[in-house]
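Generate the whole structure from the sequences, applying the supplied hints.
Going down the list, the protein sequences come from chains U and Z. Numbering follows the working numbering, in which position 275 of the first sequence is assigned residue number 275; successive positions increment by one, without gaps. Numbering follows the working numbering, in which position 409 of the second sequence is assigned residue number 409; successive positions increment by one, without gaps.
Fair warning: there could be bad hints in the mix.
[What the hints assert, rightly or not] So the derived list for chain U, only partly shown, Cβ under 8 Å to chain Z, looks like this: (1) C16; (2) K42; (3) D146; (4) A147; (5) D211.
Hints in this document: simulated from the structure, not taken from any laboratory. Note that the Cβ used here is the ideal one computed from N, Cα and C, for glycine as well.
The chain contents come next:
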Amino acid sequence: MTKWNMILDVDRCNNCRNCFLSVLDEYAENEHAGYSAPTPRKGAHLMEIDTHERGSGQDLDVTYVPVTCNHCDDAPCMKAAEKGAVYTRPDGIVIIDPVKSKGQKQIAEACPFGRVYWNEELQIPQIWTFDAHLLDQGWERPRMADACPTLAIETVKCSDAEMESRARRENLRTLQPELGTKPRIYYRNLDRIFENFVSGSVLVKSADTLDVVEGAEVALRRNEEKTIETRTDFFGDFRFTGLPCEATEIEIEVRTGGKTVSRRMTLARSGRVDPFILEA
Amino acid sequence: MGIAKLASKFVSFDMIMFGLHKHLIITRARYPEFAHKMAERDLVAQVMIHQEKSGYWFEFTSGKVRLSKGVHEKPDVTLGFRDRRTARELLIPPFDWSEQIHAQKMFRLTMDGRPDDTAWFQRLLMRSTTIGERYGQNRPGGEIRYVNNNNGGPVFVDVKDGRIVRMTPVVLRDDDAKSWTITARGRKFTPPRRAAIASHALCMKSRVYSEDRIMYPMKRVDFDPHGERNPGNRGVSGHERISWDEALDIVAGEIVRCRTQSGPGSIGTLISAHHLWGNVGYHLSAAHRFWNLIGHTYIEHNPESWEGWFWGAMHHWGHSTRAGAGDPYGLVEDCLRHADMIVFWSSDPEATGGCYAGTEGSIRRQWAKELGIEFVHIDPYFNHTAQVLGGKWIAPRPGTSNALALAIAFVWIDEGLYDRDYVERVTTGFDEWKAHIMGEDGTVPKTPEWAELECGVEAHVIRALARKWGKSRTYLGAGGWGNSVGSANRQSTGVQWARSMVCLAAMQGMGKPGSNMGNLQFGTPIDYTFYFPGYVEGGISGDLEYTAAAVSNYQRMPHLMTVNSVKQRIPRLKLADAILDGRCEGNVMAVDSVTGQFEKHVYPAEGYAPVEMLYRYGSSYTATIGDSNRLIEAFRSPKLKFIVNQSIWKNNETVFADVILPACTNYERWDIGEWANPGALVFHAQSQLNHRVVAMQHKCIEPVGESRSDYEIFFALSKKLGLSDYYSEGMTEYDWVKRVYESSDMPKVMPWRTFLKRGYYVVPPDSEKTRVPTAYSWFANEEKKNVPDATPVASEYNTEWLKGLQTQSGRFEFVPETLRRNPPEVDRPAVNTYQRGWEGYWDEERRQEYPLQMIAPHPRYSFHTMGDGTDSFLSEIEDHRVWVDGWPYTKMRIHPEDAEARAIRDRALVRVANDRGGLVCVAQVTARIRKGTVHVYESSSLYRSAGEPGKSVDLGGGANQVSSGRMQVRNSHAGAGNSILVEVENWDGKAGFQ
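Dropping the structure here:
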């Protein structure tokens with residue numbers, strides 16, 4: 001049995017919001033009988049895009065993470081539901097029955113991702129249904145995938161075994177896997193929201209000018225971890241990613257032109273350290 | 001010989017009359033819609049052969065039609081032909097529009113009768129030729145799929161029970177034209193087979209069904225055209241519903257009063273840029289046609305957004321027909337194949353999407369990333385292009401970029417890192433500029449250390465950038481288009497910045513492989529030869545003076561010419577001066593020559609009356625023009641005796657109108673248009689697209705409320721003024737759409753009925769062998785211009801036709817002769833220097849009170865004002881507007897340290913103000929903005945004054961509340977909407993800004 005999954009590549013997302021608007025356009029004030037009731041046009045965000053900003057000075061990165069109903073196989077909302085108001089279709093899509101779910105606010109409250117919307121007026125919980133009503137009419141993909149300009153949204157219909165092996169192979173992650181809800185929405189390049197980076201530059205000082213050093217060897221050591229090495233780019237900049245988000249003792253060592261300097265520091269958050277300035 | 005002419009040889013006039021009668025009867029029987037239409041009116045329509053004083057008359061009674069031979073003694077309508085031959089030639093379809101127009105001009109074809117009757121009869125006849133035509137695809141669930149197009153790309157529009165269910169991007173089918181492929185560095189790149197559209201296109205359903213739609217005509221409650229007008233109460237006293245007839249009577253009455261009592265020029269017309277899409281309904285089309293028929297003082301567009309390029313860069317490299325922007329051809333393929341680096345300088349194409357091109361460019365920049373091309377982003381804001389592509393972010397102080405540019409040139413000269421061969425062969429004036437940069441003319445040498453003090457970018461970073469750039473093949477993406485626009489060009493220093501941008505590109509051998517101006521936004525390998533008219537070609541306007549109709553459209557779609565006999569005009573930027581001070585001065589926005597921009601015009605022009613009636617079309621102008629409170633003062637001035645606002649939504653200025661006419665969107669009327677094809681000033685703008693798409697713009701639903709299409713509003717007014725036969729030529733919008741189709745290359749590739757049904761056509765790309773060459777490669781190679789752009793005009797080629805640039809020497813001029821020849825301009829000298837601007841970090845006195853620089857770039861999610869406010873889905877986007885206590889505030893971005901110094905917390909309501917005005921925003925505390933600078937996107941379409949209009953803070957967040965109306969350089973009208981100093985504080989809830 002093949003089931004729907006979605007892979008979001010956050011590296012290709014620039015927050016253009018075409019996915020968000022497609023969802024709004026499809027669900028706000030639109031009735032899809034048997035699938036979903038109309039959502040209000042204001043404030044009902046069946047999907048949102050979270051912003052993760054890290055870094056300091058002029059060394060930043062910003063990651064946008066689209067979050068929608070994860071169509072979890074082991075969905076907390078389903079467990080919270082009474083009268084079978086939430087069910088999973090054979091193709092993996094989770095549906096909240098717009099009639100049976102009436103009055104069941106606990107369904108919305110159960111979602112760890114905060115993406116079950118509680119419709120105060122209709123007294124029903126609502127989700128993005130993976131556009132199940134359109135897929136059933138023969139659409140090849142949900143609307144948001146058609147609207148994404150950078151192909152950051154890939155929808156995949158395959159067996160769970162295939163998806164699992166693909167996730168492993170391509171280092172796809174889900175949100176909050178520790179909860180064990182088995183989401184069907186996967187992310188590519190999500191690592192950077194769970195990691196810190198440290199960056200800096202290597203400069204050389206002569207009589208009256210300061211210049212950058214391209215190609216300086218820079219090494220980063222921390223605790224028992226393997227040393228990571230890099231070289232400075234044409235701006236004299238280096239950057240190490242993949243560091244843990246908690247405070248970490250690190251040592252950065254710069255080698256260039258036969259000189260070596262190093263500095264120890266505690267890295268608490270991502271950012272740029274003071275430049276390494278060498279005498280010419 | 002045309003079919004009509006051939007047929008007319010064999011078919012007699014009598015046979016045509018009998019045939020027409022039978023045709024009407026059969027059509028009535030077959031189509032209930034037609035029967036219904038025929039029953040609308042009882043009248044007698046005489047078809048008259050003037051030469052013989054004979055003919056036939058049709059009598060319509062209770063939905064039936066009777067034909068009689070002879071001359072009716074009192075017909076309601078008389079359709080007259082000079083002779084039988086004329087009648088035969090003109091009455092048999094398919095119509096030869098050239099003959100039809102000629103016959104009308106020569107009065108061989110005439111129409112008499114009450115306008116309502118003649119219009120009805122003409123439309124009935126036209127409808128009888130088109131009624132069988134079908135459109136829309138049936139979809140599951142009882143939906144019908146239509147196609148439409150707008151500023152942000154083509155969409156499918158699914159409709160059920162007369163209501164739009166969804167709008168979704170056009171996805172290409174297998175039988176649409178194939179896509180192009182670019183081979184670069186061993187990889188092949190083909191774009192996705194669908195339209196990548198813009199957010200302001202995806203939100204359009206919410207704007208069709210919007211709380212802010214104007215549902216019926218309205219009049220200000222205390223406005224009496226025959227008594228007290230109370231202009232000072234505009235914006236305060238409110239409006240009441242009136243009938244269409246009453247509204248049209250007031251407007252037509254005011255037009256007549258102005259023309260007969262006040263004199264020529266007293267009617268001013270003011271449009272908003274970037275109207276809803278479509279060649280028929282566009283303001284340059286339907287509106288110009290009407291206004292030219294009544295004569296009007298055109299409150300004209302300026303090269304807004306192109307300021308620095310038009311008034312600056314153009315002198316170095318020409319391109320007057322592109323308002324100073326560069327050629328787009330071949331840039332995508334060349335960049336992907338050969339460039340090592342792209343320098344984005346005041347360039348955020350991921351946010352602004354070029355012009356009309358939706359998000360089509362995004363995938364191409366992803367390819368560049370995959371290829372490992374290096375990126376540098378120079379912008380005080382860590383913009384969206386920097387966010388998604390990565391690379392080095394360099395954040396200069398706003399307004400100082402020219403210092404940075406000159407320092408880069410200094411390093412290149414000092415270290416021999418520029419293309420000497422190119423500079424010697426194809427440029428002039430370099431030594432003079434070089435002497436200035438090196439300080440050999442007695443000025444300070446423009447070293448990186450010198451620049452650091454100005455722009456705040458460390459000298460070693462400037463040197464590193466210059467060295468890498470000088471040693472690599474680099475694309476300079478200056479401004480959002482790569483070779484035009486950009487926030488830095490709307491600065492008090494914008495002219496000098498744009499000038500330096502083209503000079504830097506020339507120093508690096510622009511046009512050699514991998515060295516050019518671009519950012520992958522323009523220059524895809526599409527077909528450039530397939531003709532479809534762009535909106536700047538004037539649509540149905542017949543306006544050969546203020547549109548580009550004369551280039552192709554007017555020959556290819558013969559229609560009655562219209563002429564605005566009023567030569568007085570006012571630059572848009574100076575409207576407040578014109579009304580409040582009673583005078584203003586402007587420069588001509590010349591496109592045929594570089595020198596033309598020095599020509600002045602003054603208001604009021606000699607012999608003309610000052611403007612006292614304002615025909616406002618659209619309503620979100622205050623948000624895009626500096627010092628907007630002064631405009632609001634002008635709208636409330638007694639000097640304007642009457643303001644009519646024809647608009648779809650209640651926007652900024654609707655509230656200041658005396659009469660409001662509700663227009664409808666392009667989803668509620670017929671139109672036709674090619675995606676991203678304005679033509680003329682942005683010639684071949686479709687090169688931003690991955691596929692050229694010509695779209696039928698189906699009428700998807702009936703107009704909402706009592707709204708009408710702009711064309712129908714003008715048509716109704718023209719009936720009141722006895723101009724309707726001239727205005728309409730008997731056509732409905734649908735008929736015009738068909739004529740536009742016929743005027744294009746479309747009939748060669750897709751029959752009308754197929755196009756109508758299918759809704760769009762994808763123009764196949766050029767074969768790889770015939771792809772257009774890269775822009776300026778001909779120039780670098782000293783060949784003739786070989787890209788498909790017939791401009792500049794012949795007289796602007798000074799050495800040899802098609803040889804060289806549009807400069808006096810034909811070479812790239814580092815020191816332009818056009819600036820040298822005139823009396824020296826202190827603020828725009830021939831040798832481009834770094835001059836501190838005004839209202840920037842240099843202005844220490846003003847900074848005592850207003851210490852923060854503010855930039856107000858073009859917005860991301862809305863297209864200028866289009867898509868903002870108006871109860872739009874865009875208000876749900878956190879990065880666009882944030883709801884606080886039921887009101888969608890715009891965002892102001894502030895650096896954490898600046899926020900902390902003012903005790904401003906993230907998401908707090910803040911007042912951003914100076915002595916000109918103030919706006920209330922929601923603060924976003926972020927390191928993405930350079931310290932000392934705040935960032936608010938301009939173009940709010942919501943104006944909500946917290947107190948008295950024009951004298952209170954704007955809750956809608958109009959950034960131009962605080963910008964200046966001052967011009968960048970004296971001899972121009974180049975606005976500087978990014979040169980602003982403000983103070984920001986937590987908002988105390990009070991209305992004042994002082």
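To see whether the hints hold, each was checked on the structure:
| no. | hint | result |
| --- | --- | --- |
| 1 | C16 | holds, 6 Å |
| 2 | K42 | holds, 7 Å |
| 3 | D146 | holds, 6 Å |
| 4 | A147 | holds, 6 Å |
| 5 | D211 | holds, 5 Å |
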